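Trainee: Protein chains in written order, with the numbering used here: chain G, 1 to 79; chain C, 1 to 483.
Since the hints were made in silico from the structure, they are not lab data. Hints are supplied without guarantee of correctness; some may be wrong.
Said to hold, decoys possible - In silico SDA-like links for lysine to any residue, alpha-carbon gap of 20 Å or less: (1) G:16 <-> C:249; (2) G:36 <-> G:61; (3) G:16 <-> C:244; (4) C:325 <-> G:10; (5) C:245 <-> G:64; (6) G:16 <-> C:254; (7) C:145 <-> C:470; (8) G:15 <-> C:245; (9) G:15 <-> C:329; (10) C:245 <-> G:12; (11) C:422 <-> G:40; (12) G:16 <-> C:311; (13) C:325 <-> G:12; (14) G:15 <-> C:244; (15) G:16 <-> C:328; (16) G:16 <-> C:325; (17) C:325 <-> C:237; (18) G:59 <-> C:160; (19) G:15 <-> C:251; (20) C:325 <-> G:9; (21) G:15 <-> C:422; (22) C:422 <-> G:41; (23) C:325 <-> G:11; (24) G:16 <-> C:248; (25) G:16 <-> C:119; (26) G:15 <-> C:328; (27) C:325 <-> G:65; (28) C:245 <-> G:69; (29) C:325 <-> G:18; (30) G:15 <-> C:248; (31) C:325 <-> G:64; (32) G:16 <-> C:255; (33) G:16 <-> C:253; (34) C:325 <-> G:19; (35) G:15 <-> C:330; (36) G:15 <-> C:326; (37) G:16 <-> C:251; (38) G:15 <-> C:145; (39) G:16 <-> C:326.
Predicted, not measured: the structure shown is a model, and the values here were computed from it.
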Amino acid sequence: MLTVKILGSGCANCKKLEAVAREAASQAGIEADFIKVTDMQAIMAYDLLSTPGLVLNDKLVSSGRIPTVAEVQGWLASA
Amino acid sequence: MDLVLKLLHGGAGSLAAYLAAHVLLCLLPAFFIAGAMAALIPKASITRWLGRSTPAHVSYPAAAAAGSLLAVCSCTIVPLFAGIYRKGAGIGPAITFLFFAPAGNIMALAYTGSILGPEFAAARVLFCLLFGIGIGLLMALLFWKDDASHDAQTDTLFAEQASVGPAAKGLLLSLVAVLIAGTLKLWPLTETFASLRLPLSWAADWQATLFGWVPFDAAKGEEGVSLQGSVLIALLLLIAAAAWKGMENIIEGPNRWTWVTLGLAATTLLVAALGLTPVAGGLEVGLTGRVLAVAASLWACWHFARQLDADDRQAWLWESWRFVKQIFLLLVVGVFIVGMVRQLIKPEWIESLAGSNTLQANAVAVFFGVFMYFPTLVEVPVARMFLDLGMHPGPLLAYLMADPELSLQSMLMVAAVIGRQKTAAYVGLVALFSVCAGLLYGAWVDGLGWLPLSLALGLFIAVLAAGLAWLRQRQRQRRAAST
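Can you build the whole structure from these sequences, using the hints too?
Mentor: Structural data, given as structure tokens:
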């Protein structure tokens, strides 16, 4: 089972990123566990300088921007 | 009941006057600029100057630049602040970044400039830069031991390099040109080159109706809604409707409504630049230098935007739209409430508390700034209200310095990252420096000459430089001791 973490303090972009990631997973028919990380200390454990961040199986794949559904699907496939 | 009506009317009137007069030519381009900065300037182009091994004379200005260029919202401010503090240049530059971000970013600058006047914007930036670096240095001096313990961590986060592409640079400059062309009150922008009289007989009646709806008192600094303003408000509502369909899913590509939204936005800027005056039996349309300048810079934006990658362009539009959603609504509500509150405050109160540039007046202004929390940018219309009610510009600047830096929200955020003791030191320093800034600016407004003013600033810089030299010596000793 894949673990998807959304890093962000709850700003508009974090919600958008979560929506995009969920859409990508359901389109690809991949079952994933979605976890929202809002605690700043936990977020800073990853190397990123701006939120939102997307983490697949504990690997940071994007930060500071919102990827497209197609991009996320590519990452999901290779995760 | 009468009071409630009066309050609601005050709120609606101030909102209508704001939307009609100020917001469009400065905020509309400012949203697009902020979006472009968030989407098109790679963070690494600035953050590579914020690593641990960077010397202080590079890292402090870089921290200020990061505050000005990268940080328009808390999504960036908190992680970048924590990153600079824990993994990068240390507490000094982190504090400089935090202090400069709310006042030095493009939205705050453009908005302060157009509502309170360019002198206020210039004073705000200058003092924030000077004091941001000063407070950063002082914090680094106070807590230098703490920075030493972070030295063991890795520095990969700040090692990356990147630069801004030519199309992105061109787009940013063209957008800034739109902002400048739209707001500067200078010849040849204000000159009318040609005028045209349209036979619209309802124009004068409509203007009279508008003044009837939103009565205003120029003596109290209130503004009415002009005919042009009503057209602009209508265009704004249309943009809002179209943007909801065109911008919400822009990341997946533009649709028909995206183009409608952008077209309407450009039209709005052009209409706002025209001179529309109702005359007897018609409407006089004046072709001003401003229209030509705005049109030319809009064309430049179009030219450079077409050269961008589709991904970058969509990210830019999305970020701009996000800022609109995040800030505009709060601003609208804020301006409405300010308009209501204004009906309740008597000018004599402000006059007696902060009508002159005294230490006490500045302290009261800072105290107010610390305990009141206004969302992003709402501090500016609040300041305008105080100015109109007779507050002295000195204490007003002190308030403007303290309010965004020391809101409860930002204090909690700082405390979570750097701990309570350092937060207390930071708050104390900001309050002290804000009072100083207010006193200096107030003295300048009251006619203090350049000589004593530059002496005071020179003294301040000398003290800072001495502190910096001492810090560097200490660091050198520490490094020598550890090897």
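Trainee: For each hint given before, does the structure comply? Return the numbers of the non-compliant ones in rising order.
Mentor: Violated: hints 5, 21, 25, 38.
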